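K.L.:
Work the whole structure out from these sequences, hints included.
Residue numbers (this note's numbering), protein chains in the order written: chain E, 23 to 367; chain V, 181 to 525.
In case anyone wonders, no lab produced these hints; they're calculated from the structure.
All values reported here derive from a predicted model rather than from experimental measurement.
Even glycine gets a Cβ: it sits at the ideal position worked out from N, Cα and C.
Heads up, a few of these hints could be off.
To be verified - Below, in silico cross-link-like pairs of lysine to any residue (SDA-like), each with a Cα-Cα straight-line distance of 20 Å or less: (1) E:Lys83 with E:Pro125; (2) V:Lys493 with E:Pro308; (3) V:Lys406 with E:Asp307.
To be verified - Quick look at which bits of chain V chain E covers, simulated, 3 or more residues with Cβ under 8 Å: (4) 338-351; (5) 374-385; (6) 394-403; (7) 423-432; (8) 435-442.
Stated by the list, open to error - If you only want the chain V side, here are some residues facing chain E, beta carbon under 8 Å, derived: (9) Asn215; (10) Leu241; (11) Leu451.
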Amino acid sequence: MTSLEEYETIDLFSNWDQKTQSILTLDNLKKWFPVSQQSILFSRVVANIKAVDGVNLFLNKGETLGLVGESGCGKSTTARVAVKLEEPTEGSVYFKGIDIFQPMSREEELAVKRQLQMVFQDPYSSLNPRRMVLDLIKEPFDIHYPDMLYEEKESRVLEILAKVGLEDYHALRYPHEFSGGQRQRLGIARSLAIHPEVILLDEPVSALDVSVQAQILNLLHDLQKDFDLTFMFIAHDLSVIKHVSDRVAVMYLGKIMEMCPTGELFRKTAHPYSVSLLSAIPRPDPRIKMDRIILEGDVPSAINPPTGCPFHPRCYKAQEICSKVTPELEEIEPHHYVSCHFPEI
Amino acid sequence: MAQNKKILDLRNIYTYFYTESGVVEALDGVSFDVNYGEPVGIVGESGCGKTVTAHSTLRILPKNGKTVAGEIIYKGVNLLDLPDLQMRRIRGKEIAMIFQDPMTSLNPIFKVSDQMTEVIALHRRCDKKEALEIAIETLDLVGISEAEKRITDYPHQFSGGMRQRILIARALALQPSLLIADEPTTALDVTIQAQVLEIIKEMQQKLGLAMMLITHNLGVVAETTKRVHIFYGGRVVESGPTDDIFLDPKHPYTYALFESIPSLEKDKTRLETIPGNVPRLINPPKGCRFHPRCKYATEICSRVRPPEFKFGKGRRVACHHFEELDLHIDMESIRESRKAVKEEA
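P.N.:
Right, dumping it as structure tokens:
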């Protein structure tokens, strides 16, 4: 079968240098959702939910970046903006050196989306129940390669099904006939069909049982090697994050608290929030006795986040400066970024 | 004397659900016990019968479900023989239950005070004023600040962790002897989970409660319970002291379950997986229910239901081959990787 590259009509990314530039860069990204109050005629914005509030991130070609944080911290919104499902309020996203929110033609936009795909969390609601698997996975080809022959699309669908561990006859079935793990395989197949370079995985295993979760994690590992993929892996489970990622970014209330190679996060934890997050995980080993740091209270509301460092009301190290000055994400050691006035190292 | 130690003793419980597509054998000869003042864990994947066990014990099964055989001995009385009126006195007063989802377990249109005092007044036979005092006292106990003010709030004014605290308080206010907690922290974030687990542990010890903790999170079980029962396909496959089982599992399923979770201690690129899916319990596999997914299965496994073998300090395992298998968790590699971590630090 011919490679998909032969269908490529425009060359958008010729200026990108793989060796020096990261493949995906989020630069001071903000996404605020307005909360409006409706009067009889007019509605006015009374507040903003600051879901993503100045995120700086980058992804290098071929790596897996784990994005971890508690619910409501803005992980999913970050991913949705990064694949252009939402417009950012401020800041920009660069994919291979190109600002994906700059005005561009339909062809250019499709060219970006061909290489930048997303897998969604819930395998039950992200597949249209009325469409056959064949049609579901064929759809990306219909959109991106309308001139491709039907027979070729079909054989490509079967090929991709085999890649994710499903059989040919599954192509003629409907989503409800599959188990949760198989549906997540379908979701992966759908995003993988047009051979993207970067896939953003939004909690791909959190809806699955542990034995099935292991199957999907292994599958993702194999696919990454086969297709030379770059992953951003979003999860709230730190042990999963540790297992899959090369680098980890810890997020809290719309901001990145710490970003470093995975091993460093566990050996040289720098941010007090990461420290408490790590100590909160229950360990399935009776011999490990932990000195647990139990955080008081809940995650504050993103409508009215604390001034200064967003973590300071719950932080065990907080001092006066923390409530006044927002710490910047700084590189305190090579490849180790922390936004804290008093990091642990 | 041995008999008197047990607060709850389930003997050979069979619970079936009668559905349009057939009879679901949800519990198939489940036997285990809980001692006075002892926290016991029930572990398994979804659909293995954990929750059905709890519902059978309290006799709150849906209309199409029925416990067809077995005995549930609570403090020497078989709950299955009790008339409905007496059973109502057991529920809440003797055996309290905390449900998984704190969002749906509280009625959104009533104040927390109403929902708490109603049960307290009914079961402890006191007037509303006294009940309110008890309610405030227990809310205080589970760490809700300004309890007397907040008790008049509605459920939506509390966060998930707070709601779970309210449910724990409501359960404890009746001074039960046995607490059944069904996935009490599954819907919560790790830092909140740590808070709630701490409260459950503290309460359990302070009040000398017997507890049945149902969960799929092996870390939670390892940290909270003394003994554990592993469920698979509506049967108990292995039970014994938590520490022993976690360090030296004897059933192939238990072993596979432990190996399939990503761990913070181990460095592995591939996880051990259990092939296939959790069995459906309409027409379950014959013989041992794990045999289609088991690496070590032989001909006898597909024919004969394995008996429960007793060995060691109160351990039981239902596997034909447990004596021949050598299923040690790879302790050496764990120890080494931990040493390496220490040295680097």
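K.L.:
Now tell me if each hint is right for this structure.
P.N.:
Against the structure, the hints:
1. E:Lys83 with E:Pro125: Roughly 25 Å between the alpha carbons, so the hint for Lys83 (chain E) and Pro125 (chain E) is violated.
2. V:Lys493 with E:Pro308: With a Cα-Cα distance of about 17 Å, the restraint between Lys493 (chain V) and Pro308 (chain E) holds, given a limit of 20 Å.
3. V:Lys406 with E:Asp307: holds, 13 Å
4. 338-351: Per the Cβ count (3), the hint holds.
5. 374-385: This one holds; 4 residues, not fewer than the three required, reach chain E with a Cβ under 8 Å.
6. 394-403: holds (count 8)
7. 423-432: holds (count 3)
8. 435-442: holds (count 6)
9. Asn215: Violated: closest Cβ of chain E sits about 19 Å from Asn215 (chain V), beyond 8 Å.
10. Leu241: Violated. Min distance 23 Å.
11. Leu451: With Cβ-Cβ at 4 Å, under 8 Å, it holds.
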